[in-house]
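Engineer: Those protein sequence lines, which keep their order, are chains G and E.
Everything in the first sequence is counted per our numbering, starting at 1 for the first residue and increasing by one.
Everything in the second sequence is counted per our numbering, starting at 1 for the first residue and increasing by one.
Since the hints were made in silico from the structure, they are not lab data.
C-beta atoms are modelled at their ideal positions from N, C-alpha and C, and glycine is treated no differently.
Don't take every hint at face value.
Unchecked claim - Restricting the straight-line Cα-Cα distance to at most 30 Å, the calculated cross-link-like pairs of lysine-lysine (DSS-like) are:
id: 1; chain 1: E; residue 1: K319; chain 2: E; residue 2: K257
id: 2; chain 1: G; residue 1: K248; chain 2: G; residue 2: K167
id: 3; chain 1: E; residue 1: K167; chain 2: E; residue 2: K197
id: 4; chain 1: E; residue 1: K266; chain 2: E; residue 2: K319
id: 5; chain 1: E; residue 1: K319; chain 2: G; residue 2: K257
id: 6; chain 1: G; residue 1: K167; chain 2: E; residue 2: K248
id: 7; chain 1: G; residue 1: K257; chain 2: G; residue 2: K167
id: 8; chain 1: G; residue 1: K167; chain 2: E; residue 2: K84
id: 9; chain 1: G; residue 1: K197; chain 2: G; residue 2: K167
id: 10; chain 1: E; residue 1: K266; chain 2: E; residue 2: K248
id: 11; chain 1: G; residue 1: K84; chain 2: G; residue 2: K248
id: 12; chain 1: G; residue 1: K257; chain 2: G; residue 2: K197
id: 13; chain 1: G; residue 1: K84; chain 2: E; residue 2: K319
id: 14; chain 1: E; residue 1: K257; chain 2: E; residue 2: K72
id: 15; chain 1: G; residue 1: K248; chain 2: G; residue 2: K266
id: 16; chain 1: E; residue 1: K167; chain 2: E; residue 2: K248
id: 17; chain 1: E; residue 1: K84; chain 2: G; residue 2: K72
id: 18; chain 1: G; residue 1: K84; chain 2: E; residue 2: K167
id: 19; chain 1: E; residue 1: K197; chain 2: G; residue 2: K257
id: 20; chain 1: E; residue 1: K72; chain 2: E; residue 2: K167
id: 21; chain 1: E; residue 1: K84; chain 2: E; residue 2: K72
id: 22; chain 1: G; residue 1: K72; chain 2: G; residue 2: K257
id: 23; chain 1: G; residue 1: K319; chain 2: G; residue 2: K266
id: 24; chain 1: G; residue 1: K84; chain 2: G; residue 2: K167
id: 25; chain 1: G; residue 1: K167; chain 2: E; residue 2: K197
id: 26; chain 1: G; residue 1: K197; chain 2: G; residue 2: K72
id: 27; chain 1: G; residue 1: K167; chain 2: E; residue 2: K319
Said to hold, decoys possible - Some residues of chain G that are not near chain E, with every Cβ distance over 10 Å (derived):
id: 28; residue: E71
id: 29; residue: C75
id: 30; residue: R85
id: 31; residue: A175
id: 32; residue: T206
id: 33; residue: E217
id: 34; residue: G218
id: 35; residue: K266
id: 36; residue: A268
id: 37; residue: D271
id: 38; residue: E316
id: 39; residue: Q322
Number of protein chains: 2
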Amino acid sequence: MGIEAGDLTHIATGAAFLGTGGGGDPYVGRLLAMNAVEQFGMPSIVDADALPDDAQVFTIAMLGVPTVLGEKAACGDEVDLAVKRLEQRLGRRADALVGIEIGGINSLLPVMAAARLGLPLVDADGMGRAFPELQMTTFNVGGLSCTPLAMTDDHLTSVIVDAGDAKSAEDLVRATSVQLGCSVALSSYPMSGRDLKRTAVKGTLTLARGIGQAIAEGRHAGDPVQALVNYLRATPYYSQCRVLFDGKVIDIRRETKLGFSIGHCKLAALDGSVSAMEISFQNEHLIARQDGRVKAVVPDLICLVDRETAEPIPVERVKYGQRLKVIATSAAPIMRTPEALAMFGPQAFGLDEPFVPLEDIDG
Amino acid sequence: MGIEAGDLTHIATGAAFLGTGGGGDPYVGRLLAMNAVEQFGMPSIVDADALPDDAQVFTIAMLGVPTVLGEKAACGDEVDLAVKRLEQRLGRRADALVGIEIGGINSLLPVMAAARLGLPLVDADGMGRAFPELQMTTFNVGGLSCTPLAMTDDHLTSVIVDAGDAKSAEDLVRATSVQLGCSVALSSYPMSGRDLKRTAVKGTLTLARGIGQAIAEGRHAGDPVQALVNYLRATPYYSQCRVLFDGKVIDIRRETKLGFSIGHCKLAALDGSVSAMEISFQNEHLIARQDGRVKAVVPDLICLVDRETAEPIPVERVKYGQRLKVIATSAAPIMRTPEALAMFGPQAFGLDEPFVPLEDIDG
Numbered sequence: 001m002g003i004e005a006g007d008l009t010h011i012a013t014g015a016a017f018l019g020t021g022g023g024g025d026p027y028v029g030r031l032l033a034m035n036a037v038e039q040f041g042m043p044s045i046v047d048a049d050a051l052p053d054d055a056q057v058f059t060i061a062m063l064g065v066p067t068v069l070g071e072k073a074a075c076g077d078e079v080d081l082a083v084k085r086l087e088q089r090l091g092r093r094a095d096a097l098v099g100i101e102i103g104g105i106n107s108l109l110p111v112m113a114a115a116r117l118g119l120p121l122v123d124a125d126g127m128g129r130a131f132p133e134l135q136m137t138t139f140n141v142g143g144l145s146c147t148p149l150a151m152t153d154d155h156l157t158s159v160i161v162d163a164g165d166a167k168s169a170e171d172l173v174r175a176t177s178v179q180l181g182c183s184v185a186l187s188s189y190p191m192s193g194r195d196l197k198r199t200a201v202k203g204t205l206t207l208a209r210g211i212g213q214a215i216a217e218g219r220h221a222g223d224p225v226q227a228l229v230n231y232l233r234a235t236p237y238y239s240q241c242r243v244l245f246d247g248k249v250i251d252i253r254r255e256t257k258l259g260f261s262i263g264h265c266k267l268a269a270l271d272g273s274v275s276a277m278e279i280s281f282q283n284e285h286l287i288a289r290q291d292g293r294v295k296a297v298v299p300d301l302i303c304l305v306d307r308e309t310a311e312p313i314p315v316e317r318v319k320y321g322q323r324l325k326v327i328a329t330s331a332a333p334i335m336r337t338p339e340a341l342a343m344f345g346p347q348a349f350g351l352d353e354p355f356v357p358l359e360d361i362d363g
Numbered sequence: 001m002g003i004e005a006g007d008l009t010h011i012a013t014g015a016a017f018l019g020t021g022g023g024g025d026p027y028v029g030r031l032l033a034m035n036a037v038e039q040f041g042m043p044s045i046v047d048a049d050a051l052p053d054d055a056q057v058f059t060i061a062m063l064g065v066p067t068v069l070g071e072k073a074a075c076g077d078e079v080d081l082a083v084k085r086l087e088q089r090l091g092r093r094a095d096a097l098v099g100i101e102i103g104g105i106n107s108l109l110p111v112m113a114a115a116r117l118g119l120p121l122v123d124a125d126g127m128g129r130a131f132p133e134l135q136m137t138t139f140n141v142g143g144l145s146c147t148p149l150a151m152t153d154d155h156l157t158s159v160i161v162d163a164g165d166a167k168s169a170e171d172l173v174r175a176t177s178v179q180l181g182c183s184v185a186l187s188s189y190p191m192s193g194r195d196l197k198r199t200a201v202k203g204t205l206t207l208a209r210g211i212g213q214a215i216a217e218g219r220h221a222g223d224p225v226q227a228l229v230n231y232l233r234a235t236p237y238y239s240q241c242r243v244l245f246d247g248k249v250i251d252i253r254r255e256t257k258l259g260f261s262i263g264h265c266k267l268a269a270l271d272g273s274v275s276a277m278e279i280s281f282q283n284e285h286l287i288a289r290q291d292g293r294v295k296a297v298v299p300d301l302i303c304l305v306d307r308e309t310a311e312p313i314p315v316e317r318v319k320y321g322q323r324l325k326v327i328a329t330s331a332a333p334i335m336r337t338p339e340a341l342a343m344f345g346p347q348a349f350g351l352d353e354p355f356v357p358l359e360d361i362d363g
């Protein structure tokens, strides 16, 4: 069933879950998208496999410090300009847009952009979750260049970058984004329809909506966490799914360092045992350890949800005493290849632990 | 008389003088230019007034920390790419290049670029001296936009910037240059021949050559400082000219801060009096005070030369015990208008003193 304007709230909830603690507040993305849809109408959401091979597709996203993104949002003109500048650089119009990540604010920002620009939006993204850095995409793993890219700010300053590799581009974009006020619109990874079909994580807007719907329906039925888990188990990517822990927050340490939110969160078990779970994050949750033993590790998804309402809780809203359930799911198969793990497996985040698929870890 | 390859050494010496302490080591610029001229031939140097009104002219320069520029120099490909990227952005080829400043390395870098690209080089620049920041040009004072601009590094990373004003562009370019290793090629201020004729400081390559020649001839004749002063007095811009002080360095403080070399240098008189002169700088010399009284102030030129050879001494080569003469000259009239002073007068550098033309200060 096609995605419609009425689905934006569910997508926002699903994107908060898939943001695995990071990705910025999808509430802001929802407001931006709703406002644009009211003004310009809902863009058509198209299947990746329906794209012509020679279509020209750009990603569109906001990049910066999540708290600033949440406060400044986007005025829209800078989003249009990012796409326009990239078109100008390539001497070719965009035929469609696609999200770079489905987690957080960047799940719905592309809806805003597509509505404003009258372009179709592809039901796909480059990770099936959120990640903190520009090179951490299946597009990059698949050999696509993230440049030329265009970044713009709310003063309509624009910067076009051509770099040798995605990590150099990330370093440059990060430093420039700080100079531009820690919140920029970014259009990158210009790609053909053929390349998108080969490298994207497909159907993720639909999956985000499904997650949001499952939680909403679960609330009516009385067990939203169970409803969420049931839904995830029926999906193609997140089917390996476990409630890792049921606890309350006894320790939270967050540090803003080098443009990232880095730290850990510790939960004590609610069942009366002495067991504890510790989750480390760099914007997104990276690893969950129970009493020192790894229970889930990136790129598999580790999500915190309110134990009663299943509301996904991002890192910046974790508070002492909160009662949460920790849910882990498998990442999409395309995210677990050796090439993909080299780009965004545990080692890419400085962790010593090897990647072990969730389903191979003792429950 | 046309400028030829044999003039590059004189231009380098003149550019060191006009660099007023900053602008990077023109020796490096000379090597780069000579090498390019050997390979590609000497570019034609054209008078500003001979340019067609509709010619498309770009500035070309290196930007960054002078010490890094001196060590890394430029490989050439990044200089070509900066011009090419700006051409691509504008959808129009460059008809000629012009220097942004005549002081330091950027006096001869344009010779290298013009030789490599087979373009004519205009005998002019945007200040008739050197200044530390991108907005401090007569082009900007004359209302020309410094963007779109293209910056490139030795890995052939390229960044194209469009900004609302030159100061925003400077802030962005400065931060980006740090990320790119503190040394980048920069092609900016795309302008028409008409605008160049209206806003440039004209004939400054010829003047730099004249300064170098006067010093060389003065060495043969036995009094290079006097020969230099005589030459300057006969020029259209630097005709107000004084030897402010004859002394030895008794104090030098340099700090590298925010990408600039900031500090002061103090000289004691050699005539046996207790008089002392203190010169403050931000890359370039800004103000000279004798016993607390202002003797010359930016944008007028304050230059240190060896008291015997008249060799211009840049800030980074000032040493304790050195015997130097301090020479001040007027800036070009176009540099002394109220609009120009707002852009690069004393207040633009945080000084409290008003601008007083050299000739109106008691000797």
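Engineer: Work down the list of hints and note, for each, if the structure agrees.
Structural biologist: Cross-check of the supplied hints:
1. E:K319 <-> E:K257: Roughly 20 Å separates the two Cα atoms, so the pair holds.
2. G:K248 <-> G:K167: violated, 37 Å
3. E:K167 <-> E:K197: holds, 23 Å
4. E:K266 <-> E:K319: OK: E:K266 and E:K319 at ~11 Å, within 30 Å.
5. E:K319 <-> G:K257: This hinted pair is violated, its Cα atoms lying about 40 Å apart.
6. G:K167 <-> E:K248: violated, 51 Å
7. G:K257 <-> G:K167: holds, 18 Å
8. G:K167 <-> E:K84: Status holds; Cα separation ~24 Å.
9. G:K197 <-> G:K167: holds, 23 Å
10. E:K266 <-> E:K248: holds, 8 Å
11. G:K84 <-> G:K248: Violated - the C-alpha atoms of G:K248 and G:K84 are around 47 Å apart, more than 30 Å.
12. G:K257 <-> G:K197: violated, 36 Å
13. G:K84 <-> E:K319: Violated - the C-alpha atoms of E:K319 and G:K84 are around 53 Å apart, more than 30 Å.
14. E:K257 <-> E:K72: Holds: E:K257 and E:K72 sit about 20 Å apart, inside 30 Å.
15. G:K248 <-> G:K266: Holds - the C-alpha atoms of G:K266 and G:K248 are around 8 Å apart, at most 30 Å.
16. E:K167 <-> E:K248: violated, 37 Å
17. E:K84 <-> G:K72: Not satisfied, since the Cα-Cα distance of roughly 35 Å exceeds 30 Å.
18. G:K84 <-> E:K167: holds, 24 Å
19. E:K197 <-> G:K257: Given that 30 Å is the threshold and the Cα spacing comes to 49 Å, the pair is violated.
20. E:K72 <-> E:K167: Judged against 30 Å, a Cα distance of about 26 Å means the pair holds.
21. E:K84 <-> E:K72: This hinted pair holds, its Cα atoms lying about 22 Å apart.
22. G:K72 <-> G:K257: holds, 20 Å
23. G:K319 <-> G:K266: Roughly 11 Å separates the two Cα atoms, so the pair holds.
24. G:K84 <-> G:K167: The given pair, whose Cα atoms are some 24 Å apart, holds under the 30 Å limit.
25. G:K167 <-> E:K197: violated, 43 Å
26. G:K197 <-> G:K72: violated, 34 Å
27. G:K167 <-> E:K319: violated, 42 Å
28. E71: holds, 21 Å
29. C75: holds, 15 Å
30. R85: Since the minimum Cβ distance to chain E is about 8 Å, G:R85 lies within 10 Å and the statement is violated.
31. A175: violated, 4 Å
32. T206: holds, 37 Å
33. E217: holds, 48 Å
34. G218: Check passes; 47 Å lies beyond 10 Å.
35. K266: holds, 36 Å
36. A268: Non-interface label on G:A268 holds, nearest chain E Cβ at 43 Å vs cutoff 10 Å.
37. D271: The claim stands: G:D271 keeps its Cβ more than 10 Å from every Cβ of chain E (closest is about 50 Å).
38. E316: holds, 26 Å
39. Q322: About 38 Å separates G:Q322 from the closest Cβ of chain E, which puts it past 10 Å; holds.
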